[in-house]
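With the sequences and hints as input, model every part of the structure.
Throughout the sequence shown, residue numbering follows UniProt numbering, covering 1 to 72 in sequence.
Careful: at least some of the hints might be erroneous.
As the list claims (entries may be wrong) - Distance condition first, Cα-Cα at most 30 Å in a straight line; then the derived DSSO-like pairs of lysine-lysine:
hint	residue 1	residue 2
1	Lys57	Lys34
2	Lys57	Lys4
3	Lys57	Lys71
4	Lys71	Lys4
5	Lys4	Lys34
6	Lys34	Lys71
Hints are computed from structural coordinates only; laboratory data are not their basis.
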Amino acid sequence: TIQKLNTGAPIPAIGFATWQDNEAQEPAVIAALKAGYHHIDTVRIYGTEPAVSAAIKHSGVPRSNIFIMTKL
Numbered sequence: 001t002i003q004k005l006n007t008g009a010p011i012p013a014i015g016f017a018t019w020q021d022n023e024a025q026e027p028a029v030i031a032a033l034k035a036g037y038h039h040i041d042t043v044r045i046y047g048t049e050p051a052v053s054a055a056i057k058h059s060g061v062p063r064s065n066i067f068i069m070t071k072l
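Right, here's the structure in full:
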């Protein structure tokens with residue numbers, strides 16, 4: 001399911017959530033992106049942003065096709 005933002009941009013309604021296990025993050029996010037998840041949910045306190053960034057670079061999915069949501 002796709003939702004539209006106020007800007008009109010479509011965002012997937014279901015995202016892939018990251019968690020505190022930093023070692024597992026990069027391969028998990030790569031697998032999620034390859035499976036079709038293009039909405040990644042992070043939490044700043046978990047510190048997963050570097051692994052998520054690396055996963056996006058290595059996934060082959062264009063960054064312009066991915067939404068990243070971060071809770072502060």
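Okay, the hints, checked on the actual structure:
Proposed proximity of Lys57 and Lys34 is supported: the alpha carbons are some 12 Å apart, at most 30 Å. Restraint check for Lys57 and Lys4: satisfied, since their Cα atoms lie roughly 26 Å apart, inside the 30 Å limit. With a C-alpha separation of about 22 Å, the suggested pairing of Lys57 with Lys71 holds against the 30 Å cut-off. Distance check on the hinted pair: Lys71 and Lys4 sit about 20 Å apart at the alpha-carbon level, within 30 Å; holds.
For the hint linking Lys4 to Lys34, the alpha-carbon distance of about 23 Å falls within 30 Å, and the restraint holds. Distance hint between Lys34 and Lys71 is fulfilled; the C-alpha atoms sit about 24 Å from each other, no more than 30 Å.
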